[in-house]
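S.K.: Let's have the full structure, built from the sequences with the hints guiding it.
Residue-level listing of the chains:
Protein chains: 2
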Amino acid sequence: MDAAEFRRRGKEMVDFVADYQENIEHRRVYPDVEPGYLRSMIPSEAPLEPESYEDVLRDVDRVIMPGVTHWLSPHFYAYYANSTSFPSILADLLSSGIGTIGFTWAANPACSELETVMLDWLGKMLQLPEDFLSETQGQGGGVIQGTASEATLMALLSARLKTVKCVQESDPQRSEADIISKLIAYTSEEAHSSVEKASIIGGVVIRMVPTDEHFSVRAETLEKMVAEDKATGYIPFFFCATLGTTPCCAFDKIDELGPICNAENIWMHIDAAYAGCAFICPEFRPLLNGVEVIWGMSFFNPFSIQQAMHLCFYFFLPLHLFSTSLSPHLSSDSQHWGIPMARRFRSLKLWFVFRMYGLRGLQAFIRKHVELAKTFENLVRGDNNFEICAEVVMGLVCFRLKGSDELNKALLKQITRTGKIYLVPCKLRGRFVLRFVVCGRTTELRHIQEAWKHITELSSELLQNLFDHEGKEN
Amino acid sequence: MDAAEFRRRGKEMVDFVADYQENIEHRRVYPDVEPGYLRSMIPSEAPLEPESYEDVLRDVDRVIMPGVTHWLSPHFYAYYANSTSFPSILADLLSSGIGTIGFTWAANPACSELETVMLDWLGKMLQLPEDFLSETQGQGGGVIQGTASEATLMALLSARLKTVKCVQESDPQRSEADIISKLIAYTSEEAHSSVEKASIIGGVVIRMVPTDEHFSVRAETLEKMVAEDKATGYIPFFFCATLGTTPCCAFDKIDELGPICNAENIWMHIDAAYAGCAFICPEFRPLLNGVEVIWGMSFFNPFSIQQAMHLCFYFFLPLHLFSTSLSPHLSSDSQHWGIPMARRFRSLKLWFVFRMYGLRGLQAFIRKHVELAKTFENLVRGDNNFEICAEVVMGLVCFRLKGSDELNKALLKQITRTGKIYLVPCKLRGRFVLRFVVCGRTTELRHIQEAWKHITELSSELLQNLFDHEGKEN
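Protein sequences, first through last, are from chains A and B.
Converting from the first sequence to the numbering used here requires adding 7 to each position, the first position being numbered 1.
Converting from the second sequence to the numbering used here requires adding 7 to each position, the first position being numbered 1.
Some hints here could point you the wrong way.
Identical chains blur together in the list; that is why a pair holds if it fits in one copy or across any two.
Said to hold, decoys possible - BS3-like mimics (lysine-lysine), calculated; alpha carbons at most 25 Å apart, straight line: (1) 381 to 460; (2) 172 to 434; (3) 172 to 189; (4) 434 to 169; (5) 231 to 375; (6) 460 to 375; (7) 460 to 416; (8) 169 to 189; (9) 381 to 172; (10) 231 to 169; (11) 409 to 169; (12) 409 to 427; (13) 260 to 381; (14) 460 to 420; (15) 231 to 381; (16) 18 to 131.
In short, the hints are calculated from the structure, not lab data.
Since the model is a prediction, treat every value here as computed from it, not as a measurement.
M.R.: In structure tokens:
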């Protein structure tokens with residue numbers, strides 16, 4: 008394919024994407040395919056000779072589209088908000104077109120520098136303390152990580168390194184392996200599984216901290232666990248707080264946890280993969296209060312903010328990280344701020360989205376999601392068959408049919424089978440709960456109303472069947 | 008930006024990318040900017056109100072382009088081949104447009120399934136043993152990793168897990184921490200720094216294995232080191248072989264190393280981040296012989312094959328990996344085959360590129376690079392001022408001016424300053440050597456000839472100055 012053909016095909020693809028997004032509402036949001044559906048639809052090996060582009064594109068419709076879960080559909084209420092916007096797609100196209108890999112400054116100065124400045128922009132939008140910015144001291148700052156999992160792992164590894172050094176300063180004979188075997192990390196019982204995964208990779212013990220009635224970790228609980236573990240010879244070194252837990256968007260009390268972590272020399276990291284974006288709104292910023300006292304790091308993965316996929320942000324204070332302290336063989340380039348060395352030119356997405364929306368536009372976007380979630384919450388509260396299972400703070404509503412887990416499982420099964428809307432469950436205090444997340448850029452009030460109508464119709468059928476069944480039994 | 012505006016802007020961006028790539032040859036390949044150049048060119052915070060798209064695009068030309076190292080330029084001979092192709096850009100645009108995150112099968116069945124089948128296609132192109140494919144046993148297979156660093160880390164962590172379990176089977180009292188403290192990994196002294204980084208993250212000791220006169224690790228050397236370490240109580244558990252080292256594209260002798268690793272219960276992983284792609288050509292496939300006897304994993308990062316960026320491949324045998332054995336809390340979804348959970352729909356790139364090129368087209372692409380490298384080698388060999396520093400097997404030529412390191416550093420400095428071509432150095436046996444890698448999709452014979460002419464002109468000046476200077480001194 009030469010440049011002339013690319014011009015033609017590229018413009019067709021732009022229309023393909025625009026058509027897809029304009030009509031996505033009419034597609035079944037959750038696909039009606041069985042595991043393994045795809046293999047028999049395409050050859051079992053690559054062609055020897057080139058095929059035509061028309062054939063490839065035809066197969067996108069024939070093979071791919073029937074198996075896609077449509078994340079950008081306004082009927083998608085699963086996982087967490089993951090909006091993508093047109094400016095973000097344009098920036099991504101530009102990034103692909105430049106085709107650069109920015110693993111050192113020299114490998115692409117513009118890539119390294121734009122990322123640094125964009126993360127300062129974001130830091131200011133979030134009103135982070137100045138120490139977290141690169142422009143002030145030139146040592147703090149942020150980097151884009153591939154995913155929240157990588158950011159948490161980076162934080163845990165940095166904390167491990169720091170603690171080993173610290174212990175060895177007072178006890179030079181003690182081996183690294185021995186120290187690591189005594190390290191203990193903490194996180195909420197409600198935290199994302201990636202925190203546990205990070206501890207396994209790092210080879211350290213982790214304890215899950217019980218939460219209060221609001222699913223929040225409280226200072227008292229952590230303090231008690233730390234004291235217990237120190238008494239048995241462990242070295243508490245890392246606490247991953249969550250602002251906006253995956254199951255129900257709960258918030259650990261970082262303002263009371265920070266001082267304890269400071270006093271105990273525990274590195275506190277904040278996983279705000281979902282809720283972080285909302286802190287650009289003054290009314291939500293108080294939830295981040297306490298970030299000032301921690302000396303660790305915080306992390307934001309504001310899918311909704313920048314409406315760009317796969318940009319996660321990792322802010323750090325001016326501490327000696329990975330880069331300079333891991334090994335004398337490794338240089339101090341930004342490639343060592345994460346696991347991978349090669350990086351796409353991802354900051355272009357931030358730049359495009361921040362500028363095309365403006366701070367006010369991004370705030371409005373977040374507020375609209377929260378407002379729609381409140382609307383849904385009110386609909387649920389207005390129906391006596393249902394109950395709300397956790398406080399609705401942002402765009403997530405946890406709800407369930409009053410009754411057994413089996414009843415709620417049956418309802419979710421019907422929802423998934425019907426394929427009109429898509430949502431996923433969670434467990435709260437052992438109970439099976441449905442999560443309704445306002446996700447989409449194009450989700451409007453009427454979608455919320457339709458979704459609720461659909462849910463109540465399915466649940467009425469279920470309850471009627473149950474009633475009939477019970478009637479027969481009696 | 009609504010869909011109608013996206014159609015217009017998207018088509019403009021397609022033209023922008025096509026224009027960029029068509030005229031890239033006339034740009035200075037290495038930018039003439041100083042560190043920190045960008046910050047003063049843009050505001051220090053995000054705008055409050057939306058800006059116009061025209062302003063953003065104007066700034067791409069004003070702010071970004073002057074600071075870009077043009078990886079897709081035919082004058083780019085640095086690092087390693089990283090071609091991107093038009094079909095790959097189209098697939099990337101489609102992936103952005105669908106905007107899905109495939110971290111479980113349900114999150115996007117098409118994404119999970121196409122990836123599995125594409126990796127089978129690739130495995131067959133590479134003539135991997137059947138055990139490495141998913142279609143045969145349904146348990147082996149490949150996944151796309153973000154980068155080579157992540158693949159190596161995954162392999163090392165899997166090996167660590169397996170060895171801990173294995174040791175505990177015969178010695179149930181021994182703690183995981185104690186076992187890990189005794190583990191020892193090996194890799195070539197010529198291996199990429201990401202292998203050392205993986206060992207640091209995994210908290211295990213690593214030893215660098217000396218190479219023979221061809222920069223290859225030999226069985227005898229590894230065998231001796233393993234015996235030494237066992238004698239002092241270490242547990243050898245992991246060997247990362249390299250096929251195509253970063254400095255000079257050397258090949259470890261995996262056919263003689265595999266049996267030793269097998270005998271010693273050492274997990275052998277192959278890092279073929281550069282050279283792996285060439286194994287789709289029958290004439291290069293013998294370099295992979297020996298993969299049949301290893302029970303570990305191998306890894307290929309064929310940038311040139313698929314001409315798509317940031318796709319790395321990680322093949323594994325049907326062993327219990329991360330997924331099922333790490334922890335009972337973590338499920339067995341493919342999200343656990345790597346560090347990150349969220350994944351773009353990256354297999355679309357493979358599908359588009361494999362089909363639009365066909366196996367023969369991809370082979371021709373690789374052969375052309377190798378041929379151009381041979382041409383460059385002959386030019387160097389024809390000039391008595393220069394010497395070739397390592398065997399030229401694929402697209403990389405290691406060369407230097409006969410004389411001091413200072414002389415060669417001065418030459419590279421002139422090359423970089425002039426900005427007509429871009430290459431980076433390496434060290435071979437302590438000597439400063441220039442690396443010339445044929446990288447580009449559009450690199451032709453005339454570019455190679457021009458590059459050589461440019462290098463010899465600069466070196467003639469240097470040698471003349473040196474001669475004049477020495478003349479004066481005498």
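S.K.: Each hint: holds or not?
M.R.: Right, here's what the structure says about each hint:
1. 381 to 460: Cα proximity of residue 381 and residue 460: one copy only (16 Å, versus 69 Å across).
2. 172 to 434: Neither: 39 Å inside a chain and 31 Å across chains, both beyond 25 Å.
3. 172 to 189: both (14 Å within a copy, 20 Å between copies)
4. 434 to 169: neither (35 Å within a copy, 32 Å between copies)
5. 231 to 375: neither (40 Å within a copy, 66 Å between copies)
6. 460 to 375: So residue 460 and residue 375 pass the 25 Å test inside one copy only (21 Å; across, 62 Å).
7. 460 to 416: Answer is within; shortest intra-copy Cα gap is 18 Å, inter-copy 72 Å.
8. 169 to 189: Classified as both: same-chain Cα gap 14 Å, cross-chain 22 Å, threshold 25 Å.
9. 381 to 172: neither (48 Å within a copy, 50 Å between copies)
10. 231 to 169: Answer is within; shortest intra-copy Cα gap is 23 Å, inter-copy 35 Å.
11. 409 to 169: Neither, since 49 Å and 46 Å both go past 25 Å.
12. 409 to 427: within (23 Å within a copy, 72 Å between copies)
13. 260 to 381: Classified as within; 23 Å inside a copy, 64 Å across copies.
14. 460 to 420: within (17 Å within a copy, 70 Å between copies)
15. 231 to 381: Answer is neither: 36 Å inside a copy and 68 Å across each miss the 25 Å cutoff.
16. 18 to 131: For residue 18 and residue 131, the Cα distance exceeds 25 Å both inside one copy (37 Å) and across copies (34 Å).
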